[in-house]
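S.K.: Sequence:
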Amino acid sequence: MSGLREQWRRAAMHTITERALDLFDEHGYAAVTIEQIAAAAEVSPSSVYRYFGTKEGLLVADDFDTLTDAELAERFDPADPVGSLLESVLRYETPTDLGGGSAEPTSRRRVRYFFAEPSVRAAVLVTLDRAANRIAPLLAGPGRSGTQAQVVAHALAFGYFAALERWFDDGGTRPIADVVEEGMRPLRALSAAG
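Mapping of the sequence shown onto the numbering used here: position 37 corresponds to residue 199, and the numbering continues sequentially without gaps.
Hints in this document: simulated from the structure, not taken from any laboratory.
Accuracy of the hints is not assured; some may be wrong.
Claimed, not checked - Quick list of the computed label-pair ranges, beta carbon to beta carbon: (1) H189 x G303: 15 to 23 angstroms; (2) A324 x S206: 15 to 23 angstroms; (3) G333 x A232: 20 to 28 angstroms; (4) E344 x E188: 15 to 23 angstroms; (5) Q198 x P348: 40 to 48 angstroms; (6) T335 x E236: 13 to 21 angstroms; (7) Q169 x L252: 39 to 47 angstroms; (8) A351 x Q198: 45 to 53 angstroms; (9) A324 x H176: 26 to 34 angstroms; (10) A201 x G303: 31 to 39 angstroms.
Cβ coordinates follow ideal geometry from the N, Cα and C atoms, glycine included.
Turn these sequences into a full structure, and let the hints guide you.
M.R.: Structural data, given as structure tokens:
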């Protein structure tokens with residue numbers, strides 16, 4: 163039963179996010195309220211707050227946040243942290259079949275607001291810090307101290323963000339995964355050497 167409940171929750175979150183993006187694209191981020199998003203998604207405002215907390219949360223929430231520690235350890239390869247990150251980027255860049263209002267993948271639509279809206283950028287930075295702190299223990303071990311693991315984890319998280327910003331600044335014409343792979347290449351080389 164919990165599997166079905168989780169599928170329903172994820173579908174509801176996706177629908178809410180898609181409707182929010184439709185409204186943001188049409189009216190501008192600042193002009194849209196949680197109440198308008200809820201009405202467009204045919205849910206209550208309390209559901210939007212329960213799933214996302216804030217309007218910024220609509221744009222920064224992703225599946226990484228809901229992974230258990232075991233699921234994270236399964237997806238993350240400490241021997242190839244950059245490769246693990248790239249696999250995640252590829253997974254999230256593909257369009258979904260849940261009937262979104264745009265042919266553009268949700269991930270690409272969300273990223274534009276990371277750099278266009280200061281409050282969203284701030285929320286993304288908090289989320290990246292939290293992600294790096296979750297990844298750091300997976301990187302610690304033989305040949306890498308806890309401090310080094312923390313630095314590498316933050317380099318990965320914020321390096322990813324820098325690559326996303328480059329993608330945005332370049333007009334978003336290349337696939338996000340290509341820009342992230344190019345940007346993370348120096349970190350991959352350092353990881354292999356260290």
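S.K.: The structure should be examined with respect to each hint, and the outcome stated for every one.
M.R.: Hints, one by one, checked against the model:
{"no.": "1", "hint": "H189 x G303: 15 to 23 angstroms", "in the structure": "violated (49 angstroms)"}
{"no.": "2", "hint": "A324 x S206: 15 to 23 angstroms", "in the structure": "violated (38 angstroms)"}
{"no.": "3", "hint": "G333 x A232: 20 to 28 angstroms", "in the structure": "violated (39 angstroms)"}
{"no.": "4", "hint": "E344 x E188: 15 to 23 angstroms", "in the structure": "violated (33 angstroms)"}
{"no.": "5", "hint": "Q198 x P348: 40 to 48 angstroms", "in the structure": "holds (43 angstroms)"}
{"no.": "6", "hint": "T335 x E236: 13 to 21 angstroms", "in the structure": "violated (34 angstroms)"}
{"no.": "7", "hint": "Q169 x L252: 39 to 47 angstroms", "in the structure": "violated (22 angstroms)"}
{"no.": "8", "hint": "A351 x Q198: 45 to 53 angstroms", "in the structure": "holds (47 angstroms)"}
{"no.": "9", "hint": "A324 x H176: 26 to 34 angstroms", "in the structure": "holds (27 angstroms)"}
{"no.": "10", "hint": "A201 x G303: 31 to 39 angstroms", "in the structure": "violated (50 angstroms)"}
The structure shown violates the earlier hints numbered 1, 2, 3, 4, 6, 7, 10.
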